[in-house]
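Q: Use the sequences and the hints to build the structure in full.
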Amino acid sequence: LAKTTQPISMDSYEGQEVNITCSHNNIATNDYITWYQQFPSQGPRFIIQGYKTKVTNEVASLFIPADRKSSTLSLPRVSLSDTAVYYCLVGPFNQAGTALIFGKGTTLSVSS
Amino acid sequence: EAGVTQFPSHSVIEKGQTVTLRCDPISGHDNLYWYRRVMGKEIKFLLHFVKESKQDESGMPNNRFLAERTGGTYSTLKVQPAELEDSGVYFCASSQDPAGTSTDTQYFGPGTRLTVL
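For the record, the sequence lines run as chains G and E.
Counting from -8, one number per residue, gives the positions in the first sequence under our numbering.
Counting from 186, one number per residue, gives the positions in the second sequence under our numbering.
It is worth saying that the hints were derived from the structure and are not from the lab.
Where is the CB? At the ideal position from N, CA and C, for every residue including glycine.
Incorrect hints may appear among the rest.
For lysine-lysine, the following BS3-like pairs were computed, each having C-alpha atoms within a straight-line distance of at most 25 Å [stated by the list, open to error]:
{"no.": "1", "chain 1": "E", "residue 1": "K229", "chain 2": "E", "residue 2": "K200"}
{"no.": "2", "chain 1": "E", "residue 1": "K200", "chain 2": "E", "residue 2": "K226"}
{"no.": "3", "chain 1": "G", "residue 1": "K43", "chain 2": "G", "residue 2": "K95"}
{"no.": "4", "chain 1": "G", "residue 1": "K95", "chain 2": "G", "residue 2": "K(-6)"}
{"no.": "5", "chain 1": "G", "residue 1": "K45", "chain 2": "G", "residue 2": "K60"}
{"no.": "6", "chain 1": "G", "residue 1": "K95", "chain 2": "E", "residue 2": "K226"}
{"no.": "7", "chain 1": "G", "residue 1": "K(-6)", "chain 2": "E", "residue 2": "K229"}
{"no.": "8", "chain 1": "G", "residue 1": "K60", "chain 2": "E", "residue 2": "K229"}
{"no.": "9", "chain 1": "G", "residue 1": "K(-6)", "chain 2": "E", "residue 2": "K226"}
{"no.": "10", "chain 1": "E", "residue 1": "K239", "chain 2": "E", "residue 2": "K229"}
{"no.": "11", "chain 1": "E", "residue 1": "K239", "chain 2": "E", "residue 2": "K263"}
{"no.": "12", "chain 1": "G", "residue 1": "K95", "chain 2": "G", "residue 2": "K60"}
{"no.": "13", "chain 1": "E", "residue 1": "K229", "chain 2": "G", "residue 2": "K95"}
Looking from chain E toward chain G, a few residues come up when the C-beta cut is under 10 Å (computed) [what the hints assert, rightly or not]:
{"no.": "14", "residue": "E227"}
{"no.": "15", "residue": "F230"}
{"no.": "16", "residue": "V235"}
{"no.": "17", "residue": "F276"}
{"no.": "18", "residue": "Q281"}
{"no.": "19", "residue": "T290"}
{"no.": "20", "residue": "Q291"}
A: Put into structure tokens, the structure is as follows:
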């Protein structure tokens, strides 16, 4: 699976928009991009997934440029409860049985 | 709809003892995965079941670990005998088979924290 690189940590204040960028230079044609969120003492929680361009759901937006070598997770108007670790993963997620490869993720700290 | 559940939430055992972790996937999910995070490391894949069959065991660390999924519903992960380095958090995830344009989204349980003394 393609290796991903993302910032180790980010700080923000309540009400701000947070953008976390992930690099995946070796992404394959059939790879998708998926983001998970993890709170302390909980399992990773699926946030959003995309293949190209832009995907939006009730939680976040995912921006993917044409070359797909990077992606940006956008969290609008964060609150204290958005403090968590965010993981960017790539892989052929249109196939069942793809082992997720987690890196260190980005620890987002939101302050009041 | 209930999510993935795991039991126990915590387990403290002594080196050399046996521990069995249980995972109940989301109803109707044929795919079941085990992952673990040992102290200070990233979450690592252990194995993947499709119904009751092991499809990929490439992440299992050694033969002290035995996973089963009898009947294709819940799964157990037994560690026998447990060693100090087995301490960590064990996560279970499940997913449906992707169909059409859907993708294989894995939903995780809360994990079991295992401490081996």
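Q: Output the indices of the hints that this structure fails to meet, ascending.
A: none
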